[in-house]
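Novice: All chains, full assembly: derive it from the sequences and hints.
If you want the building blocks of each chain, they are given just below.
There are 2 protein chains.
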Amino acid sequence: MPYFSKDKIESLEHIYRINLINSCSGFKSANLIGTKSVSGFENVAVFSSVTHMGSQPPILGFLLRPITVIRNTYENIKETGFYTINHIAESFLEDAHHTSAKYPKEISEFEVTNLTSEYKNDFYAPFVKESPIKIAMKYVEEYAIKANGTILLLGEIQSIFVADDLVSSDGFIDLSAARVAAINGLDGYAVPTSQQRLTYQRPKENLNLI
Amino acid sequence: MPYFSKDKIESLEHIYRINLINSCSGFKSANLIGTKSVSGFENVAVFSSVTHMGSQPPILGFLLRPITVIRNTYENIKETGFYTINHIAESFLEDAHHTSAKYPKEISEFEVTNLTSEYKNDFYAPFVKESPIKIAMKYVEEYAIKANGTILLLGEIQSIFVADDLVSSDGFIDLSAARVAAINGLDGYAVPTSQQRLTYQRPKENLNLI
Numbered sequence: 573m574p575y576f577s578k579d580k581i582e583s584l585e586h587i588y589r590i591n592l593i594n595s596c597s598g599f600k601s602a603n604l605i606g607t608k609s610v611s612g613f614e615n616v617a618v619f620s621s622v623t624h625m626g627s628q629p630p631i632l633g634f635l636l637r638p639i640t641v642i643r644n645t646y647e648n649i650k651e652t653g654f655y656t657i658n659h660i661a662e663s664f665l666e667d668a669h670h671t672s673a674k675y676p677k678e679i680s681e682f683e684v685t686n687l688t689s690e691y692k693n694d695f696y697a698p699f700v701k702e703s704p705i706k707i708a709m710k711y712v713e714e715y716a717i718k719a720n721g722t723i724l725l726l727g728e729i730q731s732i733f734v735a736d737d738l739v740s741s742d743g744f745i746d747l748s749a750a751r752v753a754a755i756n757g758l759d760g761y762a763v764p765t766s767q768q769r770l771t772y773q774r775p776k777e778n779l780n781l782i
Numbered sequence: 573m574p575y576f577s578k579d580k581i582e583s584l585e586h587i588y589r590i591n592l593i594n595s596c597s598g599f600k601s602a603n604l605i606g607t608k609s610v611s612g613f614e615n616v617a618v619f620s621s622v623t624h625m626g627s628q629p630p631i632l633g634f635l636l637r638p639i640t641v642i643r644n645t646y647e648n649i650k651e652t653g654f655y656t657i658n659h660i661a662e663s664f665l666e667d668a669h670h671t672s673a674k675y676p677k678e679i680s681e682f683e684v685t686n687l688t689s690e691y692k693n694d695f696y697a698p699f700v701k702e703s704p705i706k707i708a709m710k711y712v713e714e715y716a717i718k719a720n721g722t723i724l725l726l727g728e729i730q731s732i733f734v735a736d737d738l739v740s741s742d743g744f745i746d747l748s749a750a751r752v753a754a755i756n757g758l759d760g761y762a763v764p765t766s767q768q769r770l771t772y773q774r775p776k777e778n779l780n781l782i
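For the record, the sequence lines run as chains A and B. Just so we're aligned: the first sequence equals residues 573 to 782 in our numbering. Just so we're aligned: the second sequence equals residues 573 to 782 in our numbering.
Keep in mind that the hints were calculated from the coordinates and are not lab data. A hint or two may mislead.
Copies of the same chain look alike in the list, so a pair counts if it works inside one copy or between any two.
To be verified - With a straight-line cut-off of 30 angstroms between C-alpha atoms, the simulated BS3-like cross-links for lysine-lysine are:
#1 Lys710 x Lys578
#2 Lys650 x Lys718
#3 Lys701 x Lys578
#4 Lys692 x Lys650
Specialist: Written as structure tokens, this is what we have:
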């Protein structure tokens, strides 16, 4: 079983190190975040750090690394207060991944890919039309992470659009049926084709334990 | 396309609401966090919020909801400073999910499931023997999230153990080959059977844009 000690991790070559550390936490969500600047420039960028933070109020968080292209996303959210989260599905993986390229703010990723900007219900930020699950988000707060200078940005869900036949009678959204991707590391995309739901767990009775 | 407005989300029945909001952020990582109290009681619990926070230093974060069974995990980490993150694989999904049952601190989930506690290299906290990817973690810092009272806990990777044949020559860990699960919502487990890696993206040239 390969073993990476702390010393070994610190001495790894840069690309090897970021691949290893980015893939060691498990599968990650695959989302496109859509924003629009006050001057009207649209932006859409791939993120793998969108995390469920709580259901009441409904809060999602994601992480920004200040020195990357992600700055357009951050600036637009700070300027306007609104953004969209759109799930990446199998049918547009390549275009979604291409949004990681570093374009200047004046060039919209909607213009250089087949992704389509869509406005719904007068919400300020653009959705990704091709996405099976789209969420309208409003900025809430942010945390500057001391350990590494990243920013955790939290937003509240304003509304959710889900493609037909994905929501079960108990509210569960079937991401496999939506052909939604999960991200492995920096550049791996897996599309689970099936899944199972397990029941709510209670302690086992009659344990022969003292 | 089903639409959930803010008002509708607020008026949803509790179970429907938590299923919807927990599954709307995309696939989540599937991990078991192993801890041991100062008095020697082992604990292992399923978490779906482990997130890559940065590679240099190598930091992973996860979210704790103070009013759940997760408290054993939090108390043990705060008391001892150490914990382990172990990926959940297809072969032990049911046992991993069962660790979500609320057992008292004196009963270890290792005793009531087929999961096996394992100690490696004198690290204080127990690993899960069956897991293909195991990470030794040291507490770094935490953030109290104002929006909902949860806690974001950050730790630094101390070492990583990866099963044979999972690490590519560039450091990428193939989670699909490991049969590692992704979590959908509160109780859905998907195991991607294949995946693709896409290349590093640079802006397209010769764009016909003004």
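Novice: Each hint should be assessed against the structure and marked as holding or not.
Specialist: Each hint tested on the structure:
For the homomeric pair Lys710 and Lys578, the shortest alpha-carbon distance between copies (11 angstroms) is at most 30 angstroms, but the shortest distance inside one copy (39 angstroms) is not. Within a single copy, Lys650 and Lys718 get their C-alpha atoms as close as 20 angstroms, and across copies as close as 19 angstroms, so both meet the 30 angstroms cut-off. Proximity of Lys701 and Lys578 under a CA criterion of 30 angstroms is satisfied inter-copy only: 20 angstroms between copies versus 44 angstroms inside one chain copy. With identical chains, the CA atoms of Lys692 and Lys650 are at most 30 angstroms apart within one copy only, with a shortest distance of 21 angstroms there and 46 angstroms across copies.
Checked against the numbered hints above, the structure violates none of them.
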